[in-house]
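Participant: Single-letter residue listing:
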Amino acid sequence: NNSSQLSSLPLQILLYINGIYYIFYFLATLAMIIYKSQVFSYPDDLLAPDLAVLFLMAILEVPRSYLGFKGNLTEAEGPLGLSLGLTVGSVVLSVYLLLWQAYVLWADVLLNALLLSAYGLESGLKVTAIAAFVS
Amino acid sequence: PADIRDAAQAPVRSAPAPVTDVARLCVCDLLVAQCDVNCCCDPDCSAEDFSLFTTCSVPVVRGDSQLCSQKAAVYSLDVEANPPERIFQLIDQVNPSIFCIHATNYKEALYLKSPEIPTPENFDQLLDQFGGAAFSAEPESWNLDTDDQNPPDANETSRYEFGVPVQTEDAFLRLPSPVVSSWCSDANPAGFLVNQATKCIRSVSVEKCDSIQALSMLFYINSSILAAVFQVDITVQSIIVQSLDGMRTLLSSGDVLRLPMVLDEVCINAVLGVNYHITHTDTGEIIEAAAAFVLGAISKETLSIEQSFEISFTQENTQPVPLSGNPGYVVGLPVRAGFQPQGYPFPAAFLSNKHSQLTILHSTSTQDCLAAQGARAPVLFGYNMISGCKLRITAAMKCQPLAQTLLDVLKGQSFPEYVASFGNSQAQDVLDWVPITQLHISEQLVSHTLQSSCQIPVSLGIEVKWTKYGSLVNPQARIVNVTATITSTTLKQLPSGRERIIPITSSVVFTDISSPAEPSYKAWPTIDIKLPFDFFYPFV
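Protein sequences, first through last, are from chains Z and A. Per UniProt numbering, the first sequence starts with residue 1, numbered consecutively. Per UniProt numbering, the second sequence starts with residue 1, numbered consecutively.
To be clear, the hints were calculated from the coordinates, so they are not data collected in a lab. Each residue gets a CB set at the ideal place from its N, CA and C atoms; glycine is no exception. Among these hints, one or two may not hold up.
So, partial list: chain Z residues that the calculated Cβ filter (under 8 Å) puts toward chain A [as the list claims (entries may be wrong)]:
id: 1; residue: F40
id: 2; residue: S41
id: 3; residue: V95
id: 4; residue: Y103
id: 5; residue: W106
id: 6; residue: A107
id: 7; residue: V109
Computed Cβ-Cβ distance ranges for the label pairs, DEER-style [what the hints assert, rightly or not]:
id: 8; chain 1: Z; residue 1: L99; chain 2: A; residue 2: L127; range: 37 to 43 Å
id: 9; chain 1: A; residue 1: Q89; chain 2: Z; residue 2: A48; range: 41 to 47 Å
id: 10; chain 1: A; residue 1: K113; chain 2: Z; residue 2: A48; range: 43 to 49 Å
id: 11; chain 1: Z; residue 1: L47; chain 2: A; residue 2: F88; range: 38 to 44 Å
id: 12; chain 1: A; residue 1: I91; chain 2: Z; residue 2: E75; range: 58 to 64 Å
id: 13; chain 1: Z; residue 1: G85; chain 2: A; residue 2: P120; range: 48 to 54 Å
id: 14; chain 1: A; residue 1: S76; chain 2: Z; residue 2: I59; range: 53 to 59 Å
id: 15; chain 1: Z; residue 1: L47; chain 2: A; residue 2: P519; range: 52 to 58 Å
id: 16; chain 1: A; residue 1: Q89; chain 2: Z; residue 2: L27; range: 39 to 45 Å
id: 17; chain 1: A; residue 1: S76; chain 2: Z; residue 2: V88; range: 28 to 34 Å
id: 18; chain 1: A; residue 1: L127; chain 2: Z; residue 2: G19; range: 55 to 61 Å
If you want the ones that stay clear, here's a sample from chain Z, every Cβ over 12 Å from chain A, calculated [said to hold, decoys possible]:
id: 19; residue: Q5
id: 20; residue: S7
id: 21; residue: Y35
id: 22; residue: L60
id: 23; residue: S65
id: 24; residue: Q101
id: 25; residue: A102
id: 26; residue: S123
id: 27; residue: S135
In isolation and in its complexed conformation, chain Z is listed as follows (with noise of 0.2 Å):
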């Protein structure tokens, strides 16, 4: 790192791919759960409950991602840690999708896995950004 810019790139890059990503899973993993509902038997009070974490996670991503991008580009620590703690809501929410949900397919345990990972790359990448912000 150039000892004038303390911003991690690789983080910034990852913000960027986890944000394009998290589009994909989110509309595939909706579309998944309108299949599940039409070719499975999937009474009401069992969508409603994996639609809501669907959404949850979609309205906690917003505010996660612009936390993430603010905090690495203005160097703050606050936003990074806020950005850390939705990150521990949202993984919580996909293990959740993972491991919970009514009808667990294939393509759901791929994506998640995948997110999952991201997430902990992330997360990974925000601790030795935070620590080098506050150094």
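With the hints as your guide, set chain A onto chain Z.
Facilitator: This is chain A only, laid out in the frame that chain Z set:
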């Protein structure tokens, strides 16, 4: 889900758990403790039984194939080995699709739901839900509540379309019919141009005879039908009164309203049948409605009576003639027949009405030919029929009257001369009618009895030859030839005091004589080019 919660609250009883182990499931194992033939998964079969099988009727047993990886039990017969033996393999079947189910957290996803076991707690709720004749609530469209319905304006009710319920002042024109069981339901509306005939059972009692609405004539003619700008009242066309022993008489003063009343512990004037006749114009407006009633008597012991209802629609200024097909005959409809009135050979129209149908003798329960005179059944196209009766001959019977009586019994009062070749043949198209050929065959028992011996007809066989006519895709049935064969036999004179029983039969046979169809193709279009005659004008 609600049933899981209920099952959790229910104390002890639950249905036996379903078997899901593929190694133990066997669909073809139907006989208990015995080996089923060709059932390779049957645990009751021994190795010797397997050596006698030819194939495995159930080759593989597996769960839902949508799962990503599941166990499957594969059964096969190794016919190469001596003796043949059964091979059982438990394999893991993998679904390669990316949308295969990896896991489910919904227990009942892939299995049928076990029904709820009734307990004292949920019994009332289960009874409400499943205790009736039908499991769903009544559809609201047949709601007869007058408060909800806003009166339809004249434009809507002036024109009826096929199948639309005929509207009256308060609701719909009712045609009681059996809905789920045989009991009458008054909520069945009559549809416009839908000719219906229904029979249903109503529970009655003599004490409440004048209070049961459905037994009184008023119930059926009370409300007037909404049509065009005015309302059409239902008039009483005729009343037939049926006595307790079944005798029916037509009342001369047929338009007087008769209400049920109790007389000597018998309820009279109870409605046993209603026949509605609705006349309409060709644009769908109802102009007339009439009802013909059959009133009967209910005795004290009767708990239920059968009511029959019928409705028929006629266009004004027309005389409906029921067709038996359009144009080819439809299987099951009566064969139309008629006479040619006097004036032959001038082309004249045929007389064809209900009385000159082609009919055959109808077997009765007494089977006595002489008592059964008059019972005829119409000949339905395509249905071969045979019927008969027994004739008891005593020594006192004279030959000629007996032969004539038997001929009447076999042929009926008015045996037609012509049969319509198409189901919709019009009476004025003379060429569309096929003459009935009459043959007489007499069985001569011994050749020397040629002198005046008694010949009595014993059987009538009608053979109808029909062919397929028209296009290959939609062939129409057309009657080509009708032959009525009367077989007579000699009647030997009986010694006095003896009697003989002779069977008399009549039969109808339909034979298809259509030649095999040859598809024909359109001719290729020809190109006809000719130069105009003045083409080479200045030079020719």
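Participant: For each hint, tell me whether it holds in the structure or not.
Facilitator: Taking the hints in turn, this is what the structure says about them:
The beta carbon of Z:F40 is positioned within 8 Å of a beta carbon in chain A (closest approach about 6 Å), and the interface hint is therefore held. Checking Z:S41 against chain A: minimum C-beta separation of about 6 Å stays under 8 Å; hint holds. The interface hint given for Z:V95 is violated, since its Cβ lies 13 Å from the closest Cβ of chain A, which is over the 8 Å cut-off. The restraint placing Z:Y103 at the interface with chain A holds, with a minimum CB-CB distance near 5 Å, inside the 8 Å limit.
Against a cut-off of 8 Å between C-beta atoms, the interface hint on Z:W106 holds, since the closest Cβ of chain A lies about 5 Å away. With a least beta-carbon distance of about 5 Å to chain A, the hint placing Z:A107 at the interface is held under the 8 Å criterion. Annotation: interface hint on Z:V109 holds; nearest CB of chain A at approximately 5 Å, less than 8 Å. In this structure the supplied range 37 to 43 Å holds for Z:L99 paired with A:L127, their Cβ-Cβ distance being about 41 Å.
The hint said 41 to 47 Å for the Cβ distance between A:Q89 and Z:A48, and at roughly 43 Å that hint holds. Distance hint check: the CB atoms of A:K113 and Z:A48 are about 20 Å apart, inconsistent with the given range 43 to 49 Å. Against the hinted window of 38 to 44 Å, the Cβ-Cβ separation of Z:L47 and A:F88 comes to about 41 Å, which satisfies the hint. The supplied range of 58 to 64 Å is met by A:I91 and Z:E75, whose beta-carbon atoms lie about 59 Å from each other.
Z:G85 and A:P120 have their C-beta atoms about 53 Å apart, which keeps the hinted 48 to 54 Å range intact. For A:S76 and Z:I59, the Cβ-Cβ distance of about 55 Å falls inside the hinted range of 53 to 59 Å, so the restraint holds. The beta-carbon spacing between Z:L47 and A:P519, approximately 56 Å, falls within the hinted interval of 52 to 58 Å. Between A:Q89 and Z:L27 the CB atoms are about 42 Å apart, so this pair conforms to the stated range of 39 to 45 Å.
Between A:S76 and Z:V88 the Cβ separation comes to about 54 Å, which falls outside the hinted range of 28 to 34 Å. The hint said 55 to 61 Å for the Cβ distance between A:L127 and Z:G19, and at roughly 58 Å that hint holds. Non-interface status of Z:Q5 relative to chain A is upheld: no Cβ of that chain comes within 12 Å, the nearest being about 43 Å off. Once the 12 Å rule is applied to beta carbons, Z:S7 is consistent with being away from chain A; the minimum gap is 38 Å.
Not every C-beta of chain A lies more than 12 Å from that of Z:Y35, the closest at about 7 Å, which undercuts listing it as non-interface. Every C-beta of chain A lies more than 12 Å from that of Z:L60, the closest at about 23 Å, which supports listing it as non-interface. No beta-carbon of chain A is positioned within 12 Å of the beta-carbon of Z:S65; the least distance is around 28 Å. Once the 12 Å rule is applied to beta carbons, Z:Q101 is inconsistent with being away from chain A; the minimum gap is 7 Å.
Not every CB of chain A lies more than 12 Å from the CB of Z:A102, the least distance being 4 Å, so the non-interface label is violated. Chain A leaves Z:S123 outside its interface by the beta-carbon criterion, the shortest separation being 26 Å against a cut-off of 12 Å. Non-interface call for Z:S135 relative to chain A: holds, since the shortest CB-CB distance, roughly 44 Å, exceeds 12 Å.
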